[in-house]
Structures are given as structure tokens and as C-alpha cells.
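Based on the sequences and whatever the hints tell you, model everything.
2 protein chains.
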Amino acid sequence: MNKTLEKYYSLLEEMKHLNSISALLSLDQETNMPPLAIEGRSKQMGYVEKLIHSKITAPEYINTINSLYDQYDDLSEIDKRSVLLSKREMDRSTKLSSQFVEEFAEIKSKAQNAWFDAKQKEDYGIFKPLLQKTFEYTSRYADLIDNSKKIYDVLLDDYEEGMTVDQLNNIFNPLRDELTQILNSIPERSSKNVFKSQKFDKDITRKLIKEMTAKIGYDYNKGALGEVHHPFETRIGDNDVRINVKYQEDELSYTLTGAIHEEGHGIYEQNVNPEYFKTSFGEVSSLALHESQSRLLENMIGRSKPFWKYFIKVLQKYYPEMNKFNYEDAYSDLNLVKRSFIRTESDEVTYNLHIILRFEIEQAILNKEVKIDEIPEVWNSKMQKMLGVTPKLISEGCLQDVHWSMGAIGYFPTYSLGNLTAGQWFNKFTIDHPDYEKQIESGDFSGYFNWFKTNVWNYGSLYTCNQLLKKITGEELNPKYFIKYIKEKYVK
Amino acid sequence: MNKTLEKYYSLLEEMKHLNSISALLSLDQETNMPPLAIEGRSKQMGYVEKLIHSKITAPEYINTINSLYDQYDDLSEIDKRSVLLSKREMDRSTKLSSQFVEEFAEIKSKAQNAWFDAKQKEDYGIFKPLLQKTFEYTSRYADLIDNSKKIYDVLLDDYEEGMTVDQLNNIFNPLRDELTQILNSIPERSSKNVFKSQKFDKDITRKLIKEMTAKIGYDYNKGALGEVHHPFETRIGDNDVRINVKYQEDELSYTLTGAIHEEGHGIYEQNVNPEYFKTSFGEVSSLALHESQSRLLENMIGRSKPFWKYFIKVLQKYYPEMNKFNYEDAYSDLNLVKRSFIRTESDEVTYNLHIILRFEIEQAILNKEVKIDEIPEVWNSKMQKMLGVTPKLISEGCLQDVHWSMGAIGYFPTYSLGNLTAGQWFNKFTIDHPDYEKQIESGDFSGYFNWFKTNVWNYGSLYTCNQLLKKITGEELNPKYFIKYIKEKYVK
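Protein chains in written order, with this note's numbering: chain G, 1 to 492; chain P, 1 to 492.
Treat the hints with caution; some may be incorrect.
As the list makes no split between identical chains, a pair holds if one copy fits it or if it spans any two.
[To be verified] With a cut-off of at most 30 Å between alpha-carbon atoms, the simulated DSS-like pairs for lysine-lysine come out as follows:
#1 3 - 55
#2 210 - 43
#3 121 - 324
#4 202 - 313
Hints listed in this document are in silico derivations from the structure and should not be mistaken for laboratory results.
Structure below.
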């Protein structure tokens, strides 16, 4: 290895350590940290962020990366990718003054509190001025990063490398029409309340989830299960990927599907080839790829008939009262299609409509076609048009998500990209594994595990989402596979 | 505040953040970290240690402290103490080359593995060469720090500021004779197996411990209860002090006394006056003071009759089968005096004899009166002489403790100093609170809590152990109070 590369990887190693520390501080905050420690913890996190920023903007780091970038053509495929991703990160950091970073951080911190307060009190006015500022600073951010591009294109590129508004419109416009049509063709039906039929004790459910996630392939020698208020997965370091669930004792489906979703993220991170892991600071960089793995496991596997044919017996082992239900009852309840207000509780058919609504509103605000004042009204009228329902409470309307208060504008589309990508992987997987249903019915997840390990997880951040789709399925993202999956499952 | 002081406290703040991070990495390693993450974690910890060392030996830090040290007389009491403790730490760090630190760290890491292996296999030979090196490097360490002092005095000063071999001999020699005499006067009696009478479910015991520790005064808004293999307490940051217990389902007394012991440490750290907390990087610096609070709560309160008059009912609430025992049964079992091999399981009467044995052997090795080869034999013959028993297994003899393999030579005496100090606090407390037994019997711990908060915990690291004893009890450490307590409790 040449000296500059050696230097580069040793600097990258430092970044990874600091990222690990930052991830652990966050994880602990959500799991074990006592309530009054929050002020001290904020300072510790701020200190680590400052350290990372100072490392990433130090001449030593900048010069090393620029020097490697000059000899880009002579680098190996992995080194190229690593240097490219580091340069992206560095370029972003060096374009922002530390004053701007600090001001924006303060606004976001205040906005999150205001959002929480506004949602509790059903009072948009509490959040409005800070939402205004968040959108303003987001626009300024995009201008600072690259004022030759559309604002929304800069934001999208942050979350999904290379993605643009034009590409998204080409994907989302027909998708919206197709889904609306499908939704109109599905009659409403009622729930059997399988997963609400009793109290589901946390300690029992924990054991159930451990058995389930291990059976699917999550490795507890490289992972652990935590308890949090909002489920999430996090990579703490090498061989250290944690999944965290919320136990809802009155609604087991929430707990279980949340756990399977996070396992989808976790199993991905656990199975990145260590050699390819050199390409990034931490988690796999494509959010669409990441979400494709969680949504595929949660929905296409975890809400499937074969899965429940096997899994109903495991469930009944832990909860003998569930003997009164069969796998079809469970399957039926887990796949109810409903016109509802809340994105995170929505089904596979309506989910993407919730996202497209947000995508349209974000653009309209950034393009100054909609004022911050008008968001609640615009939200409700779009909701009525797309889903045929109008939220009565603002907490069930435009205040339902935390994202905007965190400054995560342009993030929502990656959820839909994840769903669509999942459809494309699933199509290819079922072609390669026509017998997968028989396997899963018998509790054998090896076909699933090995295919995804070989074709997706293995590569880490080596490719963008489209590059990997092209390599493995032969074409870039094509929504038709997701539509086909939805039609086959929901349109009889 | 003058500019240099301001600079100093901002540098100290950085150290505190790094210490917090280091503590959290360790805590997580012992609680939630998956097994295969250990290699990555070691690297993360090493990185943080390197950061701390580089900060503490940077000219900016050194100059700031030296400049404050030059104006020492003009500083406030708190600033004086803070600068003094920082200078101690800095002087130690700058006297050691990074090569020496690295070599010694490697030896200790290997020695811990070898110790564990040797203990498992009952084979002293596996540990011997690394124990030899550990003692060699410890001697070199003491020489590097201050070659004008006795080796053992340098080591003692690390763990208990200002303590010397001569002082310890003056304390330990009469203590050994007194305790041996007391031990000889106590007839052996048998256990009623109160705490081994059933299986004690971990989840139930956890709730019991939460109620118990909160009742005594541990604040769960500033703390949390974790599960580990060896109980310990750790300060993660401001308002963030965690206690960790081991659940032994076949022996509840182990679990409970361990929890109360760690609470003693935790309640101390939770109640340091934030103003005085400026005096140190992290935990209260005197190990004797720290241990005095854990041993006092564990033994003088937690193994007392009034405590069990109240607490037996709480225990019976969680474990109804315990109704067959009364508080006297519990008290009796918790205070059995036995001639046994294992320090950590020994009673209040014999505990200090275990310590004195180690103190004598450590000195003999450092003075080259005993060779590493001869340790097992010397151990056993001293054990026979002092306690009248000879271990058959080496794992119950000189291989029982982890300390030497960690390079913690000169550490053991602080345990006994803790016991003796506890005796002196307890004496003063009972004079000030003649009604304390009535209070505790009724589950009222406010008398205990407030006295210790005001007179001990409050001061943090502002004073050395002897200074604080003098200030509050009117005299420096005097073992007679501990002896008096033991005689009153055990000699009828």
C-alpha cells in the first residue's frame, strides 16, 4: 500500500472510532441513561461532534484526500470508492462555516422541543416560527453546498447519492396513480384483533423476539437487543450492531413487525464484507438500500403466508392463549389495507402515498409555492385527495413526524425508494429461489439469508443503490416489480 | 475568574468528557456489548486513552497548570485543590514515556488473560512469568515517578493520597492482633440458609433491589441499575451514576449485599456538591473515603438488626415463601463469622486479615524478601497463621484476586482503610443520631442520608480522607472505632 493510502486509512480509523463513540452515546441515551443526565450528555455529544468536525477539516485530512483524489485512476476499486465517499463528506464539511453549523444545530435542537410541545398541545403556532427557520436554514445549507443545483436535488443527494427531483417525479407520478387505483379496488374489511387479544408481557415477548430474530439469521454474538421508545438499529462498531425495539403490550403486531424491520437493517450491517467496510465511516451509505432490506424482511417475508405458517407455532409456544387463532388469522390481520392518517402505522399499499404527499409539500415550500402558514391546510387537502380521509387533529396531520424538526428535509423519499427497491430484489430473489416459500414454511431461512448476503449485504457501501441493482438484477430501479408484488398480494 | 483559570477549567471540561466516554465504553462492554465486539472495543478504548494522554501531556495543558501552580497562594480553596490534583495527574503522566506506558499496558493485558487461565486450570506456572514482569514494571513505574521514595510509598500514594507504609504498619499491626484475638473468641455456628432456601428469580430480585435502593436514597433520575458479572459502580457524567449488580439466583444474600455495597458508592457520587465536583476529573479521588461509604452502607446499615426489622417485610412482599423466616434469622445468617479462604466472601471480622496478608506479601516481593516462585507457599503459611486454614486449591489461595494481574499493587490496603474509616464515621454518626436505629427500623433513612450528605458526600475530592475525618470527627484515622464496633457486634 502506498504511504498516502496508509495515512488515509489510519485517519479513517480515527473517524470510525469517533463515529462509534457518537453512536454509543446516542444508543445509551435512548436505552439506559437516567433522565437528568441529558444536559451532560448533550455536552458530551457536542464535544465529539466538534472533534469529528476538527478532524475532517484539518489540513492533514484534506491534503491526504486531495492527494489521493489526484491519483484516483491508479487506485483499486475499493480505494476509489472510499476516497470518493470521504471526499463527499469532507467537501460538505468544509463548505459550511462553524458558525453556520452551530446556529443550525441550535435551531434544530429548539425545533425538536417545539415540535414535541406543539404536537402534545395540538397547537401548530408553537412550532411554526421554528419550522420557518428550519426551512430557511435548509435552503441556505443547500446553497452553500452547491448553488448551481436545485435546492431539493442537493438535499436528496445527501440522503441518496445521485438522486434528483426529476428522477423521483418519473418514479413517483405513475406510482401514485397506480396505488390510488389499487387502493380503490380493495374493499375494506375488519380486524380479528389477533394481536390485541390479550396483554403481551414484555419479558415473554423479549424471549420470543430473540428466538425469532436469531432464527432468521441475526447473530447475537455480534449484536444485542435493546428497549427504546422508538425502534431503531445502530452500528456501534465492528461486530457490534444493535437492534432496539419498543414493547407495546396491548398490540403485539407493533412490537413484532418493528423488531423484524430493525432486524432487516441489523442483519444487513452484520453481513457487510469487512474488506468492503473500508469504504465508509459507519453504516452502509445508501438509505434506499438500507430501507429496502428492512422493508423486505418486515413486509415481503415477515407479513407473508409462509412466514406465518411457521411462525404461528412459535408464537403459540410463548403465548398458549393464541392457540385459538390460526396462521390465516394472523396473516389477515397483518395485511389489512386502511385509509388512515399515520404513516408509520400504514399498510404496504398506502405507505408510499403518505411519502409522496410529503415529497410534494417539501418541494412546494422550498419553491415558495406554499407558505409555512399554509402547511396544515395543504396537508389536509392533499390527504383527502390521495387517501380520501382528512385528519381531525393536527397531531395526526402535518405534526405527526419528527423529521422536519430535525432538519431532515428530503429524507422521506428514501423510504419509498426502499420499498420499490425491495420489490425489485424480491422479484429477483423469487426467480432464483422458486422454492423459497416451502423453505420458510419449514422455518428454514438459509435460502433468504444466503441470497441476500451474497448479492446485497456483502457489498456494503461499494455501490450506489442503482449500481447494485444493475449489477444484480440487470436494470436500475424499476417500480414495476413493487407494483406487481402489491397487485399479486392485494388484488384478487 | 482570571483568564488562566478559565482556560484551565475549559481544558478540564474536555478531560471530563473523555473520561465520561471512557467510562461508558467500559460500562457498555460489561453490560450490553456482544461478545465478538471485544477487539473493536479494545481499539476504541485505546484510542480514547491516547487522546487523554495527548491532551494531558500537551504544552497548552502543562503550561496552564504550571502557571496556576505559580500563583497557588492566590487561588480559592476549591481552585487550589483542583490545580493540585490535576498537577499530580499531569506529573505522573509526563514522567512516563509513551513506550513504557504501551509496554506495561501490553503486559497487564496478557497477565489478565494468563491469570484467568491459570485460575481455571489451577496452574500457577501459567501466570508466574507474567506476574514476575508485572512486579518488575511496577517497581520501574515507582522509580520513574519518584525514586527518592520507597517503592511501596509511591504505589500507595497513587491509590490513597499521602498514605505511607509506616502509617499503614502503625495501623495494621495492632489491628491484626486485635482481630485475631476477637476471631479466637467467637464460636463457630451454622447457617439457617435463609438466603439459599429457594431460587430467587432475577426479574423479581431486580424490582426488589430497585425498591430497596430507592428507599435508602439512591436517585433513579440520576442513576440506573445494570446487570454485570462482577458488581461495580461507575460515574458516567453529571447526574449520571450507574450501579451494576450480579444476580445470583441461588444465593440472594450475595445479590443484595452486593447491591447495597454499590449503592454506597453510587449515593456518594450522586450527592457531591456540583461546585466541589470541579476539583476532579471524575469520581471522588480518595479510595478509602469511597470504600468507607460502600462498606458502611453494606455492613453497618445493611447487615444491622434495625435494617432487617424493616426490610424483612419488603423481602417477604416479593418472596412470600420467606414468611417462614423472621428478621433475626436473616440477621444471623448475614453475620456469620467464618475462617474462610476467599476475601470477597469473608465477614467483617476476618476481612481485614485477608487484606493484611496481601499487604505483607506485596511488600515482601517488592523488597525482594520473597520470590515470585515462593508466593503460593508464603500465602498458604500466612493464611494458616492468621486465619487457621490452608487453601487446598491455588484458585482459593494466591490466584483468587484479579488485582495483581491488572498491575494494581498497593491497592488492597485501601479496602481496609475503607473499613476503618467507616467505623470512625459510624461512631460519629451514632453520637449525632442516637435515635438512628428507631428511624431505620421504620424505614426512614433520612437521618442517615442527611448526615452523610452534609458531612461526607458533599465535599467530593476537596479533602483527603484524613483531612475530612479531622474536620468532621475531630481526629485523623483512628482504628479504635472500627474495633469498638466489631467488639460490640460480635463479642458477647
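Each hint tested on the structure:
1. 3 - 55: both (19 Å within a copy, 27 Å between copies)
2. 210 - 43: between (35 Å within a copy, 29 Å between copies)
3. 121 - 324: neither (41 Å within a copy, 53 Å between copies)
4. 202 - 313: both (19 Å within a copy, 27 Å between copies)
Hint 3 alone, counting from the list given before, is not met by this structure.
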